[in-house]
Amino acid sequence: MNNILEAKGVSKQFGDHVALKKVSLHIPKNSIYGLLGPNGAGKTTLIRIINQITYPDSGEVLFDGEPLQPSHVATIGYLPEERGLYKSMKVGEQALYLAQLKGLSKSEAKKRLKFWFDKLEIGDWWGKKIQELSKGMAQKIQFIVTVLHEPKLLIFDEPFSGFDPINANIIKEEILELKEKGTSIIFSTHRMESVEELCEYIALIHQSEKILDGKLSDIKKAYKNNIFNVGLEVDNPELILQDLREKFTIKTPDFCNTEKHLDFVVQLPTKETGDFLNYVSSKSNVTQFVETIPSANDIFIRTIEEKNRRNNE
Amino acid sequence: MNKLLLIIKREYLAKVRNKSFVVMTFLTPILMVGMFLLVAYLANMNDNDKRTIVVLNESHYFSTDFLSTENTSYVNFKDLSLQQAKDSVMSLEYYGLLHIPNHEDLEKVASTASFYTTDSPNAGVLNTIESIFESRLRAHRLLNMELSAEDFSILEQPFEVHTANFIGEENVKGANIMKAFIGGGFGYLIMMFIIIYGGFVMRSVIEEKTSRIIEVIISSVKPFQLMMGKIIGTSFAGITQFIIWVISASILLTVAVFVFNIDVASLGVTSKVASGSIKEMSSLPVAMDENMILYIKEFVNIPWASLIVFFIVYFILGYLIYSSIYAAIGAAVDNETDTQQFIFPVILPLMLAVYVGFFSVFENPHGPVAVGFSLFPLTSPIVMLMRLPNGIGEGGVPLWQLVTSVFFLIVAFIGIVWLAAKIYRVGILMYGKKPTYKELFKWLRY
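Listed in order, the protein sequences are those of chains R and X.
According to the numbering used here, the stretch in the first sequence is residues 1288 to 1600, in order.
According to the numbering used here, the stretch in the second sequence is residues 88 to 533, in order.
Some clues are possibly wrong.
When the alpha-carbon atoms are kept at most 20 Å apart in a straight line, the in silico PhoX-like pairs for lysine-lysine are as follows [as the list claims (entries may be wrong)]:
no.	chain 1	residue 1	chain 2	residue 2
1	R	1422	R	1374
2	R	1374	R	1416
3	R	1309	R	1570
4	R	1507	R	1558
5	R	1415	R	1398
6	R	1594	R	1507
7	R	1377	X	106
8	X	90	R	1416
9	R	1397	R	1415
10	R	1316	R	1502
11	R	1377	X	96
12	R	1374	X	96
13	R	1415	X	90
14	R	1377	R	1393
15	X	106	R	1416
16	R	1397	X	90
17	X	96	R	1393
18	R	1558	R	1538
19	R	1393	X	90
20	X	96	R	1397
21	R	1547	R	1570
22	X	173	R	1374
Partial pick of chain R residues on the chain X-facing surface, computed with a CB cut under 8 Å [stated by the list, open to error]:
no.	residue
23	1338
24	1340
25	1342
26	1346
27	1360
28	1367
29	1371
30	1372
31	1374
32	1384
33	1385
34	1388
35	1542
36	1543
37	1544
38	1547
Please keep in mind that the hints were generated in silico from the structure rather than gathered at the bench.
C-beta: ideal position from N, C-alpha, C; glycine also.
Pulled out of the complex, with its shape left as it was, chain X reads as follows (with noise of 0.2 Å):
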C-alpha cells in the first residue's frame, strides 16, 4: 500500500512538473476563451451584414408588405423604369432589385414578379421574399373565399401546446433537450477525460520501457502496483489540470463576457433603432422571463445528488475500464507510432456512445437503443449518465436498469483490468517487435 503511493505521488509529480502539462494548463482556457470570443465575434460580423433590396413596385399591391428588419432593408424606387432601376441598384451595389409591375389581377402581379441580383441570391432572403408573397396570396384567395382579413388573422394564429407532467407541474417545451445536455455534457466530459488521460498513461508506460528503467522498478513493487499508481497518479493530475481549467476558464470567460456585453448592447441598439423595431423586441423580455421560471424549477428538479453520485461511480470505473486497457496497449509497444492499430478499437465505443447517445437519448431517452447502450459496460458510463438527469424510477431510468448497468461496469472493470494487467505484466518486458493481436492473445496464458 505504501509502495502504491509512492508511485502515485510520483506518477502525479512527474506529470504536472512536465513543461508540456504546465503551457497546457494554461494555455487551454485561454484558447478556449479566445475560441469563443472569436465564433461570438464572427457571429456578430455575420448578423451585421445587412442587405438593401430596392423594391420596384409598379402594382397597387404590397405596398405595406415588405418591412425592413434588422439583416434586410427595403428601399422603395418609384417612377422609374425597370431599366434605370437596375442601373441605379447596380451603381449604388446594393443586394438585389425586386420587381413587381402593375396587372389588375394579384395572381399575375405575382406570377410576373422578378427578382434580379449580381450573383444568385441567398436563399435565406429568397425565402423571405417568397414567403411574404404567399402569405399575401393566401390572404386573398381567402378573401375570394369570402374569409375577412380579421378571420385571415385568426387562422394564422401561431399554436403552441401546453406541456405538463402527471404531477401537473408545468413544464418547459426544451426541458428535455435542457436534461439531455446536462446529461451529455456529463458524459462527453467522461470521454473527454478518458481519451486525454488514457494517453497520458498509455505514454508514461512507453517511456518506462524505452528509457528501460521498468525492470528495474518490478523488481521492487508487483507490476500491477505499478499499473495501477501509474492510472492513479495521472487521474490526479488530470483532475488537477480540469480543476483549474475550469476555474481559470469561468473567471476568463466572465471577464471577456462582460467586456463583450458592452460591445454587443451598444451593436444590438443601434441596429434595433435602424430597423424600428424597439416595439416587437420590448415584448421579448417578459416572454423570455416566464419561460426562464420554468427552465430554472426544470434545472433545479434534476436529481443533482443522484446524478453526481452516478457521475463519481461511472466516472471511476469508466476510466479505470479505459485507462488500464491504454496501459496494456502502452506496454505492448516500442514506441507510439506502433499504438494506432490498438487505439482505434478503444475509441470506437467511446464515440459509439457519445453519438448515439446524442442521437438516440435525445430522441427517447427510455428507448431501446438508450437502454441497450446505457447496460453495455463500454459505452454505459456516457449513455447512461445522459439519462439520469430524467431522474431514477418513475418518469426516469428504471431502477433494475441503472442496478444492471452498474453491475455489469463492475464485472467488466474486474475482468478488463485483470486481463490488461496480464498483457501489461508481459508487455513491459519485451522489446523489438511490434506485437498482434494473436500475440497479445498468447501473453494472457504466459
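Extracted from the complex, chain R is given alone in its bound form (with noise of 0.2 Å):
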C-alpha cells in the first residue's frame, strides 16, 4: 500500500447541516499532506472522522489498507485546532497521562519524554504546572504529546497558530524531521505560506466538497496560465507598450528612468513564447523573462471563486 490514508465516498450529517459530502482522498505514506478550505468547509470534520471522534453516516476509511478500527487511535497523533491542557495539572504528569492513554507504558512514555523534554530544552519544566507557563510554552508540551507515541500519521490542525516565529521554526524543523523519518503527516491550515513550504500534496475543501487535490507542483502546472513578468532596457517605453498593447496583454507596466528600464506583466495567448520574445528582442533589450507561478494562495482563491461562481449560475 502506497497510501497511508484513503477515503471513499465519506459523508457525514449534523441534524440539517451536511458537513463532508462524497469526500474521497489518497493520502500518500511518507509525505506532508496541505488539507486546505474555508472556516466551515468540513476539515475538522473530516479529521474528527479520521481520528474517530466522530463516525461517517457513509463511505470508507482505510487505514494502511485496513478499515479504520479503534486499535488505529495508538498509531495516530492529533493536535487539534482547539487545543489545550489540565491547568493545573503538572507538566510531567499531564504529558506522561495523555502518553498512557495513547498505549505507551509509564517507562516507556517517561524515557521519551526525558529525550523531548532535553531535545526542546524545557527539562526544567517537568514539575510547574501548566497555568504558570505562557501560552507558547504549553503548546510546546503540547506537540511533544501528539508526537511522543511516534505516530504512523500526524494530524496537525493550525499547527502554527500560537507561537512566536522562533519557536514555529523550531516547531517547522521537528515536522520536517519527522518525516525524514518516515511519519506521514496531515497538515490542515489558512497560512498558505506554510503550505507552499512543506507539502507536497494537497486538497481543497468547499462547502463540503474536495474541489481540487493532487500534487502541489501538478496543480501549480495546471494553474499555468501563460503569464510572464517582463523587464526591458528601452529609451521610449511609450512606443513600445503602444505596440505591444495591440498584440498582448500588458499589465502593472512601469518604467524606471534613470536606468531606462521597463517592467511589466504579460498575459500571452498560448504557451508559445516565441513570437513575443523575437519581437521584442528586435525592438530592446531583454533583462527579465520569467514565468510567474500560481501560489498556493492564488490557487486557493481561484478555485473557490470559480466553485462559487458555478454555483450561482
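Hey, can you piece these two chains together into the complex? The hints should help.
Here it is as C-alpha cells:
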C-alpha cells in the first residue's frame, strides 16, 4: 500500500447540516499532505472522522489498507485546533497521562519524554503547572504529547498558531525531521506560506466537498496560464508599450527613468513564447523573462471563486 | 479497560489534590461539630431563661396549685394591694403578676383573675397558667357533680395503648419513626452525595471543555470511557471525603459531647435542685431504661444486611444515573452560569423524593404515594430506602415491589446513561452557544 490513508465517498450530516459530501482522498505514505479550505468547509469533521471522534454516515476510511478501527488510535497523533491542557496539572504528570492514554507504558513514556524535553530544552518544566507557563510554552508541551507515541500518521490542525516566529520555526524543523523518519503528515491550515513551504500534496475542501486535490507541483503547473514577468531596457517606453498592447495583454507597466528600465506583466495567448520574445528582442534588450507560477494562495482563492460562481449560475 | 483505570486514577488524584477539596474535607467536620455545639449551647441558653411570676392570691383557692418548674418559678405575695404588687413586680423586673381576687365562688374567682405583664405574654406561659385554672375548675365542677378527689385523679390518669406485632414481640411507639429516620438517613445520604459529587462531575466536564483539552483526550479514548472514568473517579474521591468526614466528625463529636456533657450535667443539677423536683426526675431513668431496651431491640431487628445491600445497589445505580445527567449538562454548556436551567429539573425529583418520603413514608410506608415513588426510578433510590428498614416481605416491602423497583432502576440506568452519553459526545465538541432543550434533542440524532 502506498497510501497511509484512503477516504472513499465519506459523507457526514449533522441534523440538517451537511458537513461532508462524498469526499474521497488518497494520502500517500511519507508525505506532507495539506488539507485546505475556508472556515466551516468540513476539514475538522474529516479530521475527526480520521481520529474516530465521529463516524461517517456513509463511505469508508482505510488506514494503511485496513478499515479504520479503534486500535489505530495508538498509531495516529492529533494536534487539534482547539487545544489545551489541564491547567492545574503538572507538566510531567500530564504528559505521562496523555502518553499512557495513547498506549505507551509508563517507563517508555518517561524515557521518551526525557528525550523530547531535552531536545526542546524544557527539562526544568517537568514539575511546573500548565497555568504557570506561557501559551507558547504550553504549545510546545502539546506538540511533544502529540508526537511522543511515534505515530505513523500525524494530523496537525493549525500547528503554528500560538507560536512566536522562533518557536514556529523550531516546530517546523521538527515536523520536517519527523517526515524524514518516515511519518506521514496531514496538515490543515489557512496559512498558505506554510503550505507552500511544507506540503507536497494538497486537497481543497469547500462547502463540504473536495474540489481539488493532487500533487502541489502538478496543480501549480495546471494553474499556470502563460503570465510572464518581463524586464526591458528601452529609451522610449510609450512607443513599445503601444505596439505591445496591440498584440498582447499588458499589465502593471512600470518605467524607471534613470535606468531606462521597463517592467511589466504580460499575458500570452498560448504557451508559445517565441513570437513575443522575437518581437521584444528585436526592439530592445530583454533583461528579464520569468513565468509566474501561481501561489497556493492564488490557487486557493481562484478555485473557490470559480466554484462559487458555478454554484451561482 | 486499562484506559478507564488511567482516567479514574487521574480524576481521583485531580480531585483529592485540589486545594478547596482538601480544605472542605477537613473544615466540614469542624463546622458541623461547631454547628452542633452552637445549637446545643443555644438550646441550653434557652432552657436557662427562667421566668419568675408573682402570684397575688387573695382567694382561698389555688394555694397549692402554682408549683415552680424548671423554667418558671412562682413567688407568692401576701397582704399587698394590687397596685403595690404591680409596682414591686415592675421594680423587681419579674416576668409578670397573676392577680387572683377574693370571691366565695371558685368560678367567680377564676373569671376575675388577671395576668399582668410588661410585654404581651409568652404563649407557653399563658398555656401553663390557663391549664392550671382549667384543671382546678374541672376538679371543682366534677366535685359539684359529686365526684371525689380520688375519683378525679383516677379520671386524670393518662392512657397509653400497649403495642405489639403479631408474633407477640412488644414494640415501641417510636419504632416506626426511628426506622423511617434510619431509612431516611440513607436516602438523604444518597441525595447529598448525588448533589455534591454530581456537581463535581459537571464542573470537571466544563473544565475540560474550557481548557480545550477534551479533543486531545477523545482522540485517544472513547467519550463514553472518559465520562465513566470521570464519574467513577469522582465518586471514589467523594467516598474518601465521606469516610474522612464520618470518622473525624465522630471523633470530634465524641470529644465535644464529652466536654459538653460535663457542662450540661452541672447546669442540669443546679436547676433541678433549685426547682426542687428531684423526686420526679429520679423516677425517669427507670422508665427510660425499659423503653431503651425496646428501642435497641427494634434497632437490632432492622434487617441490616438487606438494608445495606440495597443501599449499595440503589446508591450505585442512582448515583450513576444522576451523575451521567450532570456530565451531559456539563458537556452541553460552556460555563457554569449556563447550567442553572438544566440543573433545576434534575434536582427536582431528588427534592421531591426526600420531602414526599419524609411526609408519606413516615405516615404510611406502604401507602400508594410511597409505593409509587419507590418504584419510579428517579426517586426510588431515596424513597425505597426509607421503606426498607421495615424489612422485605411480611410486614415490610413486598418482594414484587422491590424487584420491580430495581428492574425499573436498571432499565432507567441503561436508558439515561445511553442518552446522556450521546449528549455528552456531541456537547463536548460544541463551543460558543448556549444550547436549548430543542438542540439537545437534536444532538441525540447526530
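Is the straight-line distance between the alpha-carbon of residue 1374/R and that of residue 1416/R 20 Å or less? The given pair, whose Cα atoms are some 7 Å apart, holds under the 20 Å limit.
20 Å Cα cutoff - pair residue 1309/R, residue 1570/R: The hint is violated at about 55 Å.
Checking hints one by one. Is residue 1338/R an interface residue toward chain X, by the C-beta closer than 8 Å rule? With a closest approach of 4 Å, the residue 1338/R hint holds.
20 Å limit on alpha-carbon distance, applied to hinted pair residue 1594/R and residue 1507/R: Satisfied, since the Cα-Cα distance of roughly 18 Å is no more than 20 Å.
Next pair to validate is residue 96/X with residue 1393/R; report whether the Cα-Cα distance is within 20 Å. 14 Å, holds
Measuring from the C-beta of residue 1543/R to each C-beta in chain X, is the shortest one below 8 Å? 53 Å, violated
What's the verdict on residue 1558/R and residue 1538/R, does the C-alpha distance respect the 20 Å limit or exceed it? Holds, at roughly 18 Å.
Report holds or violated for the interface hint on residue 1342/R, using the least CB-CB distance to chain X and a cut-off of 8 Å. 10 Å, violated
Below or equal to 20 Å on CA atoms is what counts here, so check residue 1415/R against residue 90/X. 25 Å, violated
Hint check: is the beta carbon of residue 1340/R less than 8 Å from a beta carbon of chain X? This hint holds: residue 1340/R lies near chain X, its Cβ roughly 5 Å from the closest one there, short of 8 Å.
Does residue 1507/R pair with residue 1558/R here, judged by a C-alpha cut-off of 20 Å? Cα-Cα ~15 Å, so holds.
Given the hinted pair residue 1422/R and residue 1374/R, is their Cα-Cα distance within 20 Å? Holds: residue 1422/R and residue 1374/R sit about 11 Å apart, inside 20 Å.
Checked against the numbered hints listed earlier, the structure breaks hints 3, 8, 13, 22, 25, 26, 35, 36, 37, 38; every other hint is satisfied.
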